[in-house]
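Peer 1: Build out the structure end to end from the sequences listed, making use of the hints.
2 protein chains.
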Amino acid sequence: MPTGPRIAIDAMGGDSGPAAMLAGAARALRKDKTLHFLVFGDEAAVRAELANHKTLTPNVTIVHSPESISSEEKPSQAIRRARTTSMGMAIGAVKDGHADAAVSAGNTGALMAMSKLALRTMPGIDRPALAALLPTMGEHDCVMLDLGANTECDAQNLVQFAVMGSAYARTVLSISKPRVKLLNIGTEELKGTDELKEAAALLRDANYLPLKFDGFTEGDQLSRGNIDVVVTDGFSGNIALKTAEGTARFVTDLLRRAFKSSLRSKAGFALSKPALNLLKVHLDPNNHNGAVFLGLNGLIVKSHGGANPKGVANAIFVASSMVRNDITRRIGEDLDNFRAHAFAAAEQAAQ
Amino acid sequence: MPTGPRIAIDAMGGDSGPAAMLAGAARALRKDKTLHFLVFGDEAAVRAELANHKTLTPNVTIVHSPESISSEEKPSQAIRRARTTSMGMAIGAVKDGHADAAVSAGNTGALMAMSKLALRTMPGIDRPALAALLPTMGEHDCVMLDLGANTECDAQNLVQFAVMGSAYARTVLSISKPRVKLLNIGTEELKGTDELKEAAALLRDANYLPLKFDGFTEGDQLSRGNIDVVVTDGFSGNIALKTAEGTARFVTDLLRRAFKSSLRSKAGFALSKPALNLLKVHLDPNNHNGAVFLGLNGLIVKSHGGANPKGVANAIFVASSMVRNDITRRIGEDLDNFRAHAFAAAEQAAQ
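For the protein sequence lines, the chains are A and B, in the order given.
Under my numbering, the first residue of the first sequence is numbered 1, with each subsequent residue one higher.
Under my numbering, the first residue of the second sequence is numbered 1, with each subsequent residue one higher.
Just so you know, these hints were derived from the structure itself, not from any lab.
Do not rely on the hints blindly, as some may be mistaken.
The list makes no distinction among identical chains, and a pair is therefore deemed to hold if it is satisfied within one copy or across any two copies.
Unchecked claim - EDC-like, lysine to aspartate or glutamate: derived pairs with alpha carbons at most 16 angstroms apart:
| id | residue 1 | residue 2 |
| --- | --- | --- |
| 1 | 191 | 72 |
| 2 | 280 | 253 |
| 3 | 197 | 152 |
| 4 | 74 | 189 |
Peer 2: Structure, rendered in C-alpha cells:
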C-alpha cells in the first residue's frame, strides 16, 4: 500500500481528458512510487486508459462519476452538480479526508467556485487566489498570484495574497523571508489604483510578517529574477501570465523563422540544436504547470487544460510537494500572526 | 523653407535629454527632408547638441524654455508649470498652431495631464488614450490602447477607445475595416468585468462603425497577428505591454546564454548571426517606439524614456505620418457617425 500523498484526479477535465490525466499520473508515479491516486471519471473511459498504464494499476482507486463539467459551464451552474461530476467528487474527496489534494485540468471558474463552496476559505482569508511559478533569469522561479480567481480585489485581498504567496515561496522555494512586490504600472508611490496604494501602506507597516515588502514592480521586471513573490489582482495577473506565454511563443516562432531563412542559418541551427533544446525546456509551459488555489481548507491544483502528460505529472508534483510541506498549516500560522499583530496595533491606536 | 510637418520636440525629457532627441531628429531628417523642428529646452544645452548635427540646423527653430519636468513630478504639479517648461511649451506650440504635433520622452502622467488641459478632448471623447503598435507574427502590427493613460475605464471609455484605435489602424495600417477585440481573461461572453461585458454589448450593436468587433481576446493572442486593434483599460494595457517587453528580453537573454554554453553552439551562433540579426531588429523596442495620445484636439506622441536616436526618429515618423493622414479629422468623423447613430437609436427606442 502506498504511503505518500493521496492525490484525487479529475480525469474528465482538460482538452484530452483521461488520456492525458492517466498518462501524467503514470509519469509522476515513475518518479515517486509512494503516490496514490483516487481517479474520478467515467469508469469505462478511465479503465480503458488505465489499460495503457499497467504500472499504475496498484496505485489507483477508480471512483465512477456519472457526469463531468464542460469548459463552457457557468460556475453558478457547476456548483449544483458537485455530487455527480468528476470535478465535484474529486474536491469532495479532499473535503472528506479521503485525499490530501486534488488535481483538475477542467473549467477554472467552476473549479474555483466548487472548491470554495466545499472547502471554505481559511480563517482570515476573504478570497482564495490562484498562484503559480513563473520562470526567471535568476536562481529560482517567482511566485505570482492571483492569476485569475478574482477579477477585482481590494487592499485586504492583496495583503492576504502577499501572506499566502510568501508562505508558498517559503515552502516550495525554501526562501526564509521572500521579497514581495505589488504589480503596478509604475514604481512611484503615487502610481496605480487606490487599492494598490492602500495595500502597499498596509504591507509596509507589517514588518512582523516573514516577508520583505519591497514596493511596486512593473510587467517588464517579472522574469528578471529579483522578486520572489509578485502580488496582483486576478485580472491583471491573468493578462500578464498569458501575455508572457504568448510573447515567449512569439519570440521562439520568430527564431524558428530566422533559422529557416537561409541554408547558412539552417546549418547554424543544426550546430546549436543541443543548446537550443535547453531553451525549449526552460520555456515549455508544461515544466511550469500546476497552479494552486491558496487560502482554502484543502489543496486544489489546477493543471493547464492543454497540458501534456509531462505537464500533468508536474501539476501532481506541485500537489504532493505542498502536501508534504503542509502548506495549509503554514499559511494558517502566518495569518494568525498577521491578525494578532493587526489586532494589537488597533488596540494600541484606540488607547 | 521645409514644407512638411512641423514637429515640436521636448528636448529635455527622456533618460538622455537633448542628446538623444536631437540625434533622433537628425536621423529622421535624413529620411524626410521636409520636416521642420521646433525644439523646446534649455537653449545652451540644445545649441551644444545641435553643434553635433550641422545638417539639422536649417530645419530647426530653438525656443528657450527655462525649466523642465522631472520624471518624479506629479501631474497635478506639472500642469502649473505649462508656460515655463519644455514639455508644456511644446504642447502649447501644438495648441497655438505653431506645430502640427509634439514629441516628448518625458514623464507620461505629466504629458497626459498637460496635453489634456491645453488641447482638450475631442467632442464625444471623455478620456484620451495612449495607443501604440505591437509587433506580431502577421502581416502587420497590431494597434493597442489604452497603454496607461487611464487606470480605470468604464464601458463608454472602452467603446471610444475602439473607435479611436480603429481610426488609427485605418490611417496608419491602411485597413479599411479593422478587426477589434477587447482584452479579457477569457473569450466566453460571461468572462471579465461588468465594464467589459457592457462595452462588448455596445460594440456588438454598433455595426455602422467602420470596424469589425470580434469579441474578447486573451493575452496570449496579442502577437498572433489576427487582431488589428486590441482595446483595454490603461492598467491592464500597461501591464500587458511591459510584460511582453520583459518576456521578449527574457527569451533573448536565455538564447544568448544557450549560444554561449558550448563551443559548438558558439559556432552555430556565428553561422546563424545574419538570420538572428533580423530577429533582433524585429524585437528592438526602438523600432516600435512612439505611442500616440488619441482623442485630443492635437497630436502628441510619447517616445520611450530610454529610446535611442533610432527610437526617437521612429516616434517622429509616427507623428509626421499622423499629421499627413489627418488622423484627428478622421477620428472626429467616426465619432460624429457613432453619435448620430446612437442618437437615432435612442430616438427610435423612445417612440
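Peer 1: What label fits residue 280 with residue 253 when the C-alpha limit is 16 angstroms: within, between, both, or neither?
Peer 2: both (12 angstroms within a copy, 13 angstroms between copies)
Peer 1: When no copy is specified for residue 197 and residue 152, does a C-alpha distance of 16 angstroms or less occur within a copy, between copies, both, or neither?
Peer 2: For residue 197 and residue 152, both the intra-copy (15 angstroms) and inter-copy (14 angstroms) Cα distances are at most 16 angstroms.
Peer 1: Could you figure out if residue 74 and residue 189 sit no more than 16 angstroms apart (CA to CA) within one copy, between two copies, both or neither?
Peer 2: between (39 angstroms within a copy, 11 angstroms between copies)
Peer 1: Could you place residue 191 and residue 72 in one of the four classes (within, between, both, neither) given a Cα distance threshold of 16 angstroms?
Peer 2: Classified as between; 11 angstroms across copies, 37 angstroms inside a copy.
Checked against the numbered hints above, the structure breaks none of them.
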